[in-house]
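Below are the chains, spelled out letter by letter.
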Amino acid sequence: MNAQHLAAYTTSTGEAFQFWVLGTIAVIGALCTVFMKKAVHSALCLAGTMIILAIFYLANGAYFLGIVQIVVYTGAIMMLFLFVVMLVGVTAADSLKETIKGQRWLALLCGVGFGVLLFAGIGNASLKEFNGTGQANANGNVEGLASLIFTKYVFAFEITGALLITAAVGAMVLTHRERTERAKTQRELSEQRIREGRHVPPLPAPGVYARHNAVDIAGLLPDGTPSELTVSKTLRERGQIRDVSTEALNDLRALEQRAEERLERTAIEPETFKRPEEASK
Amino acid sequence: MNPVNYLYLAALLFTIGATGVLIRRNAIVVFMCIELMLNACNLAFVAFSRMHGNLDGQIIAFFTMVVAAAEVVVGLAIIVSLFRTRHSASVDDASLMKL
Amino acid sequence: MENLIAPLIAAPLLGAAVLLVGGRRLDRVGHWIGTLLSTASFVFGLILFADLLGKNAEHRTLTQHLWTWISVGGFQADVTFRLDQLSMTFVLLITGVGSLIHLYSVGYMEHDERRRRFFGYLNLFLAAMLLLVLADNYLLLYVGWEGVGLASYLLIGFWQHKPSAATAAKKAFLVNRVGDMGLSIAIMLMFTTFGSFAFGPVLSHTGDASEGKLTAIGLMLLLAACGKSAQVPLQSWLGDAMEGPTPVSALIHAATMVTAGVYLIVRSGAVFNAAPDAQLAVTVVGAVTLLFGAIVGCAKDDIKKALAGSTMSQIGYMVLAAGLGPIGYVFAIMHLVTHGFFKAGLFLGAGSVMHGMNDEVDMRRYGGLRKYMPVTFITFGLGYLAIIGFPGLSGFFSKDKIIEAAFAKGGTEGWILGGAALLGAAITAFYMTRVMLMTFFGEERWKNQPTRSPEAPSAEPAAETRGEHSEPHPHESPKVMTIPMIVLAVGSVFGGAFFSIGDRFLHWLEPVTGHSEGDSPLSATAVTGATMVCLVIGVAIAWARYGRKPVPAVAPRGSLLTRAARRDLFQDDFNHVVLVRGGEHLTRSLVYVDHTLVDGVVNGTAAGFGGLSGRLRRLQNGFARSYAVSMFGGAALLVAATLLMRAV
Numbered sequence: 001m002n003a004q005h006l007a008a009y010t011t012s013t014g015e016a017f018q019f020w021v022l023g024t025i026a027v028i029g030a031l032c033t034v035f036m037k038k039a040v041h042s043a044l045c046l047a048g049t050m051i052i053l054a055i056f057y058l059a060n061g062a063y064f065l066g067i068v069q070i071v072v073y074t075g076a077i078m079m080l081f082l083f084v085v086m087l088v089g090v091t092a093a094d095s096l097k098e099t100i101k102g103q104r105w106l107a108l109l110c111g112v113g114f115g116v117l118l119f120a121g122i123g124n125a126s127l128k129e130f131n132g133t134g135q136a137n138a139n140g141n142v143e144g145l146a147s148l149i150f151t152k153y154v155f156a157f158e159i160t161g162a163l164l165i166t167a168a169v170g171a172m173v174l175t176h177r178e179r180t181e182r183a184k185t186q187r188e189l190s191e192q193r194i195r196e197g198r199h200v201p202p203l204p205a206p207g208v209y210a211r212h213n214a215v216d217i218a219g220l221l222p223d224g225t226p227s228e229l230t231v232s233k234t235l236r237e238r239g240q241i242r243d244v245s246t247e248a249l250n251d252l253r254a255l256e257q258r259a260e261e262r263l264e265r266t267a268i269e270p271e272t273f274k275r276p277e278e279a280s281k
Numbered sequence: 001m002n003p004v005n006y007l008y009l010a011a012l013l014f015t016i017g018a019t020g021v022l023i024r025r026n027a028i029v030v031f032m033c034i035e036l037m038l039n040a041c042n043l044a045f046v047a048f049s050r051m052h053g054n055l056d057g058q059i060i061a062f063f064t065m066v067v068a069a070a071e072v073v074v075g076l077a078i079i080v081s082l083f084r085t086r087h088s089a090s091v092d093d094a095s096l097m098k099l
Numbered sequence: 001m002e003n004l005i006a007p008l009i010a011a012p013l014l015g016a017a018v019l020l021v022g023g024r025r026l027d028r029v030g031h032w033i034g035t036l037l038s039t040a041s042f043v044f045g046l047i048l049f050a051d052l053l054g055k056n057a058e059h060r061t062l063t064q065h066l067w068t069w070i071s072v073g074g075f076q077a078d079v080t081f082r083l084d085q086l087s088m089t090f091v092l093l094i095t096g097v098g099s100l101i102h103l104y105s106v107g108y109m110e111h112d113e114r115r116r117r118f119f120g121y122l123n124l125f126l127a128a129m130l131l132l133v134l135a136d137n138y139l140l141l142y143v144g145w146e147g148v149g150l151a152s153y154l155l156i157g158f159w160q161h162k163p164s165a166a167t168a169a170k171k172a173f174l175v176n177r178v179g180d181m182g183l184s185i186a187i188m189l190m191f192t193t194f195g196s197f198a199f200g201p202v203l204s205h206t207g208d209a210s211e212g213k214l215t216a217i218g219l220m221l222l223l224a225a226c227g228k229s230a231q232v233p234l235q236s237w238l239g240d241a242m243e244g245p246t247p248v249s250a251l252i253h254a255a256t257m258v259t260a261g262v263y264l265i266v267r268s269g270a271v272f273n274a275a276p277d278a279q280l281a282v283t284v285v286g287a288v289t290l291l292f293g294a295i296v297g298c299a300k301d302d303i304k305k306a307l308a309g310s311t312m313s314q315i316g317y318m319v320l321a322a323g324l325g326p327i328g329y330v331f332a333i334m335h336l337v338t339h340g341f342f343k344a345g346l347f348l349g350a351g352s353v354m355h356g357m358n359d360e361v362d363m364r365r366y367g368g369l370r371k372y373m374p375v376t377f378i379t380f381g382l383g384y385l386a387i388i389g390f391p392g393l394s395g396f397f398s399k400d401k402i403i404e405a406a407f408a409k410g411g412t413e414g415w416i417l418g419g420a421a422l423l424g425a426a427i428t429a430f431y432m433t434r435v436m437l438m439t440f441f442g443e444e445r446w447k448n449q450p451t452r453s454p455e456a457p458s459a460e461p462a463a464e465t466r467g468e469h470s471e472p473h474p475h476e477s478p479k480v481m482t483i484p485m486i487v488l489a490v491g492s493v494f495g496g497a498f499f500s501i502g503d504r505f506l507h508w509l510e511p512v513t514g515h516s517e518g519d520s521p522l523s524a525t526a527v528t529g530a531t532m533v534c535l536v537i538g539v540a541i542a543w544a545r546y547g548r549k550p551v552p553a554v555a556p557r558g559s560l561l562t563r564a565a566r567r568d569l570f571q572d573d574f575n576h577v578v579l580v581r582g583g584e585h586l587t588r589s590l591v592y593v594d595h596t597l598v599d600g601v602v603n604g605t606a607a608g609f610g611g612l613s614g615r616l617r618r619l620q621n622g623f624a625r626s627y628a629v630s631m632f633g634g635a636a637l638l639v640a641a642t643l644l645m646r647a648v
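Residue numbers (full-length UniProt numbering), protein chains in the order written: chain A, 1 to 281; chain B, 1 to 99; chain C, 1 to 648.
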């Protein structure tokens, strides 16, 4: 039995098995999409659900759509999502605490009610007979789709093209920021710095004073405190600066403690060093 | 197994997506939930296509995908520019629709 | 040859467009353009007339189809012209008299800086009037009907800086609207009854319709005719319409437009023939108006208003004749034509007198003018003899026929109508002799007049510019004014005889209107004799009162009837009390209902919604997610409703 033939009939045990296993995973993925705290996790879960849907498309005889689902949705759209998530802050976690009074209960009520109604509707509908796509796919799924798109749906297809172009232009317009003034040259910037009397030397480059070379780790000033100026503005505003200034001292302390233990001296109370401002929080 | 089960699955996914839209505050996640709803619809279309034995349902699903792609492009652009001006991606922060 | 019909209308229309759009640069030649195009129209008319004369009587109907105007389902309106003997008569009258009056106006309006516009309006009037008489269906006729109403409005209010003129124009327009409503209802009734409103289908299928419907159509047509022709009860506007320049009074409010009602009745003769009740109403209206107008004409001291009363009365004769059915149609039209000549001549004469008398209109300040303006005197005198029905002149033939026809109606009705017509003839003789005597004979009362009396407001604005207290120096009018008067006088002298001898006019019109001899209880000679007796009595009384005794310069108090007639037999008071006051009371009570009931409901609703909104406003918390919940809930409800509907 080839796949095409299989798609036309309804109840093959293999398909049933596949449906129940993958369907469960899809639902779990959907739930995770909704309930994961971090946007990245949500996106990954959604991508998983979409891949499973692609498999279902293939199982239903929609070979073209199945591939498109993987290439376009999972490959392009979800990646676009991930880019934006990166831009907005990959680690920024959402608080799941509800702020609008009664919103969660109303949402759940509506959701459950809607689901029940949909299930009732599907249950009531007379869907006992089905034909399978064997006949329609006889000349190949892609050819069948193409002959429909370029005849019956040609206008819709053309209009969709216009829509895509409009969307592309719209996205560019929305994210593009017009410069309202000329960019300052380096000379002007340095003159301005001298005139204001602050940061007379140039700003420190990332990692100048650092022992780590990650961009989100602030360089340490001579007194051992991290300088936020060494981290890019975006990360600073997100609050995604890793502070490693205390690690060296903690390492030292741990070393001392191990030495004491070995020397069997009185155990000094192991306390981690904390920066004064953090301790006060 | 009855292919109607695909419809039930689609309904379930749709409902989960809709509830997610209502519950989550992060605009990107809200957007993802919308994508989930669209995907659920596509699944239903594909299942219908199989039941009726013609390809029109797949065509509609195809168009849905294209429209969803356009929508994602514009929507994400809006989210990015919102984030630029407000430093936040929370939908509740944009509560300007009140007097 | 029928292709000449459209140019006939187009020429004056073109003139109106050129003159009104052309602006000030045409001020110098505008009047000649208007006169030229009006004359061109007359020439077209003459060519067509010659063409008609060359054909057999039954082939004298030309139609020209221009285009289909409206075509919606069964509703079909064409722009088609129909030229038959009846329209031809009107065309010649309108363009002929119209051209003469254009010529006259060149002189009369010489000092008016808006002369170009005046000629534009006159041309517009000619075009509309020609459209009215040449239309082949009632809808197109209605366009012309409204067009002449518009032109009349513009021309009555030509001196719009005078409040009286502006008010008179408004009054004419409003009163005419009542009649127009009648015409539009008549057209709608025709469409529902006959499925068409072209003359052919309507007038040849009157047998198919019930008499009730025909009576309704007839009465509505009569209402229309009353409005346009100033018949009782819609007569009140005509007297005030004399506020317009005198050529306008001559052309529109004496010779042509006011006769449109008669045209309408004669044209719709088939409808009236089949609806005796409507016909009776027409005769009653005609008889009442002919007496009403004559009585009003007796008491007026304003020469133009006296002539306006006379016009009303003469049109009453025509309407009476038209109401008599086939006995009278031809004579109605014949009187219409002769009246067009002599009344236009009389008005032009009156205008000439005013022109020479510093625009004075009060006849009590005239007198003895025959020495100063001989041409005006002679032409006016001929017109006077014609209108009173002096033997041999045109009014004698046409009016006499109408009186005969009224008696020929038979029975009691015949006696009453004939009696009224005879009485009218006597009163006509009286008031026309009065006008004649007060104007051209007796003392020269315009000399040494102290001040202008406040009761006689000047009709023409030039009076103010020339100085109020200067004594007038009566003089003959220029040739451009006297020539049209002479031509019209010739027409009023010979027209009747030309038409009547050998029954020329009867044979000419008979194919269109039909004709039947009535069963007269009196012989023609007896009627003529009676008419002559009435005439002599009327003239004699007038002579006794105004010829032998001096005319006081200030109007005496007069008898009850005189005072009533001076106030137009209380027509305006009647309208004021019944319509204006009634309308005001109705308005006030409606305003009260509006304030208490309607406003109460509206304000209450508004307050209720305001309170409700104040509460609902709290739902608007501004959070998009909150709105999304309501959308989603709504979608759920929709699904539920769909399922329920399917389940049921």
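Quick caveat, the hints were computed from the structure, so don't treat them as lab data. Just so it is clear, the structure is predicted and the values come from calculations on it, not from any experiment. Quick reminder that beta carbons are idealized off the backbone N, C-alpha and C, glycines included. Fair warning: there could be bad hints in the mix.
A few chain A positions that, by computed beta-carbon distances, are all more than 10 Å from chain C [to be verified]:
(1) 71
(2) 86
(3) 121
(4) 124
(5) 143
(6) 148
(7) 150
(8) 153
(9) 191
(10) 220
(11) 261
What the simulated footprint calls covered on chain A by chain B, stretch by stretch (three residues with Cβ under 8 Å from a Cβ of chain B suffice, anywhere in the stretch; the number is not a length) [what the hints assert, rightly or not]:
(12) 30-44
(13) 163-170
Inset, instruction - Against the earlier hints, flag every one the structure doesn't satisfy and list their numbers going up. - result: Structure breaks hints 3, 4.
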